[in-house]
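Novice: Each chain, letter by letter, is given below.
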Amino acid sequence: MSSEEPKILGFCCNWCCYGGADTAGTARMQYPPNVRVLRVMCSGRINPAMVLKAFKEGADGVFVGGCHMGDCHYDAGNYKWNRRAKFIEDLLPEFGIPKERFRFEWISASEGEKFQKTMEEFTNTIKSLGPLHRSFPKVSKKAQIAN
Amino acid sequence: MESQFLLAKAKDEEIATKGECGGAVSALFKYLLDQDLVDGVLTLTRGEDIYDGIPILVEDSKDIISTCGSLHCAPTMFGDLISKYLTDMRLAVSVKPCDAMAINELIKRHQINEDNLYKIGLNCGGAVMPISAQKMIEMFYDVDPSEVVKEEIDKGKFIIELEDGTHKSVEIDELEEKGFGRRINCQRCELKIPRNADLACGNWGAEPGWTFIEVVTEKGAKLLNDAKKGGYIEVKTPSQKAITIRGKIENAMIKLAQKYQEKYLEENYPDIENWDEYWNRCIKCYACRDACSLCFCKECDLEKEFYNDEDAIVPDPLTFQGVRMSHVCFSCVNCGQCEDVCPMEIPLAHIFHRMQKKYRDKTGFIAGVSEELPPLYSPEKE
Chain A
1 MSSEEPKILG FCCNWCCYGG ADTAGTARMQ YPPNVRVLRV MCSGRINPAM VLKAFKEGAD
61 GVFVGGCHMG DCHYDAGNYK WNRRAKFIED LLPEFGIPKE RFRFEWISAS EGEKFQKTME
121 EFTNTIKSLG PLHRSFPKVS KKAQIAN
Chain B
148 MESQFLLAKA KDEEIATKGE CGGAVSALFK YLLDQDLVDG VLTLTRGEDI YDGIPILVED
208 SKDIISTCGS LHCAPTMFGD LISKYLTDMR LAVSVKPCDA MAINELIKRH QINEDNLYKI
268 GLNCGGAVMP ISAQKMIEMF YDVDPSEVVK EEIDKGKFII ELEDGTHKSV EIDELEEKGF
328 GRRINCQRCE LKIPRNADLA CGNWGAEPGW TFIEVVTEKG AKLLNDAKKG GYIEVKTPSQ
388 KAITIRGKIE NAMIKLAQKY QEKYLEENYP DIENWDEYWN RCIKCYACRD ACSLCFCKEC
448 DLEKEFYNDE DAIVPDPLTF QGVRMSHVCF SCVNCGQCED VCPMEIPLAH IFHRMQKKYR
508 DKTGFIAGVS EELPPLYSPE KE
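Protein chains in written order, with the working numbering: chain A, 1 to 147; chain B, 148 to 529.
Treat the hints loosely; a few may be bogus.
Stated by the list, open to error - Distance condition first, Cα-Cα at most 25 Å in a straight line; then the derived PhoX-like pairs of lysine-lysine:
#, chain 1, residue 1, chain 2, residue 2
1, A, Lys86, B, Lys402
2, B, Lys158, A, Lys53
3, B, Lys431, A, Lys53
4, A, Lys86, B, Lys504
5, B, Lys505, A, Lys86
6, A, Lys99, B, Lys505
7, A, Lys53, B, Lys451
8, B, Lys509, A, Lys86
9, B, Lys158, B, Lys297
10, A, Lys99, B, Lys509
11, A, Lys114, A, Lys86
12, A, Lys99, B, Lys504
To be verified - Covered stretches of chain A, going by a simulated chain B footprint (3 or more residues, C-beta under 8 Å):
#, segment
13, 46 to 53
14, 74 to 84
15, 87 to 96
Hints are computed from structural coordinates only; laboratory data are not their basis.
Bear in mind that the values here come from a model prediction, so they are computed numbers and not experimental data.
We put the CB at the ideal spot given by N, CA and C, even for glycine.
Throw the hints in and build the complete structure from the sequences for me.
Specialist: Written as structure tokens, this is what we have:
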């Protein structure tokens, strides 16, 4: 993949969204390879620090997928994540990261198509925003070395 | 309970003259210690000079007299003092609104036991940094700061008293326009009357020599009643006019605070380039965390290897302040301690207060005032 391609980190919950990605895969649905999927047991396990760390490490976008409301394997994990996600949307702009670079969605294990569509949409959004150039010097230096 | 208004003063002559506004607060402390209702009183006393308000724990009611009188150059916080060092004591504590807010947040997080605590609230228009008080007295009053024996804030003026009894005053608005006066976070503060304490005491609307008290909780009402029966304080009902005046002062102060919020958190708020410059100054001394009245974790996430860069001195703001903000900013009580202690003068309270305001607008949660924990702690399916 060329260095121009955006890097997207995707947190997917084990029970729904990861299953959705699997469904998309087994049905041979094409979706952009920019997303690196990281499986977590529940979207409720994700805290804002993980999203912040992803951006710090050079992600251009962060995606989080959880179960639909009412479907959480652990009863209320996705409700907790939902509150946290809204908070993250407020927090990111304070550090110069537009909230469009962060997206969360509810995708069930059977919704391979929704997973495919979401990845296409999100990758297009990130591509149109371009690579994340943070003005914080230390990071830009690091990015230079990486390139 | 429905709030109730009273005027009170100390019966003890010495306390009544040495104390502020008739010494009602000091008399209540004396009553609590004498009756063994508390083991100690946590309050402020004068240190070296009038610019040096320092916390003191009084365990003998004879010593209460040394804590009489108000101090405005005292940007202190009591919340973490209690949760870190005094949890085994039954305490009475004199709280300005931000103290009461911090204590409430700590109570909700089980770091302080509310049953052990009498919160005697003091109305607060804002505190002044000791350094800036001395500078402005030199510049605007043309007086040597060491000659000042007493300071007072009244009717929008910062008033100083000299050794020979003369008074000099300057409008606070004028001082603040030039960058002096109250601390910036105090200028933005909307809670002037601590209705989150048991009692809210102050001079707004009071007659000379009396303290105006708003009784907020049952506990506060009982304390006042018992202290009256015990002969420690004298109580009377304020006139309707006095109540109106107090309300007017409060409203004017709140309006001014909202104006300053607009000014500091919107109009003149630093942009991203400024923030990058600020974050670049960070020397990662952790003073902001240590001074924070809300941070109480024994093992701090910020010290985990996970967030550390091997070769970097300046921490990445995302995983330093960002992580700290993701832990506490929705509960920020705008006490300004982080900003006060920062050796690199990063305007931290600005960004924390701005985030709590955003969170308040979205969820209705007001840090330090709402009775519940922030919705982020909720297990509910909503």
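Novice: Take the hints in turn and mark each one as holding or not.
Specialist: Hints, verified against the model:
1. Between A/Lys86 and B/Lys402 the CA atoms are separated by roughly 29 Å; this puts the pair beyond 25 Å, and the hint is violated.
2. Annotation: proposed proximity of B/Lys158 to A/Lys53 is violated, straight-line Cα distance about 61 Å (limit 25 Å).
3. A C-alpha spacing of about 17 Å is found between B/Lys431 and A/Lys53, which places the hinted pair at or below 25 Å, so the restraint holds.
4. For the given pair, A/Lys86 sits about 14 Å from B/Lys504 by alpha-carbon distance, which is consistent with the 25 Å threshold.
5. A distance of roughly 11 Å separates the Cα atoms of B/Lys505 and A/Lys86; the hinted pair therefore holds under the 25 Å criterion.
6. Restraint check for A/Lys99 and B/Lys505: the C-alpha separation of about 14 Å stays at or below 25 Å, so the hint holds.
7. This hinted pair checks out: A/Lys53 and B/Lys451 have alpha carbons roughly 13 Å apart, not beyond 25 Å.
8. Only pairs whose Cα atoms come within 25 Å are accepted, and B/Lys509 paired with A/Lys86 is accepted, the gap being roughly 9 Å.
9. With a CA separation close to 24 Å, the supplied pair B/Lys158 and B/Lys297 stays within the 25 Å bound.
10. Simply put, A/Lys99 and B/Lys509 have alpha-carbon atoms about 16 Å apart, close enough for the 25 Å limit, and the pair holds.
11. A C-alpha spacing of about 21 Å is found between A/Lys114 and A/Lys86, which places the hinted pair at or below 25 Å, so the restraint holds.
12. Restraint check for A/Lys99 and B/Lys504: the C-alpha separation of about 18 Å stays at or below 25 Å, so the hint holds.
13. Judged by the Cβ-Cβ criterion of 8 Å, the segment 46 to 53 of chain A is covered by chain B as claimed, because 5 of its residues qualify and three suffice.
14. Under the rule that three or more residues need a Cβ within less than 8 Å of chain B, the assignment of the segment 74 to 84 of chain A holds, with 6 such residues.
15. Only residues whose beta carbon comes within less than 8 Å of a beta carbon in chain B count, and the segment 87 to 96 of chain A has 7; three or more means the coverage holds.
The structure shown violates the earlier hints numbered 1, 2.
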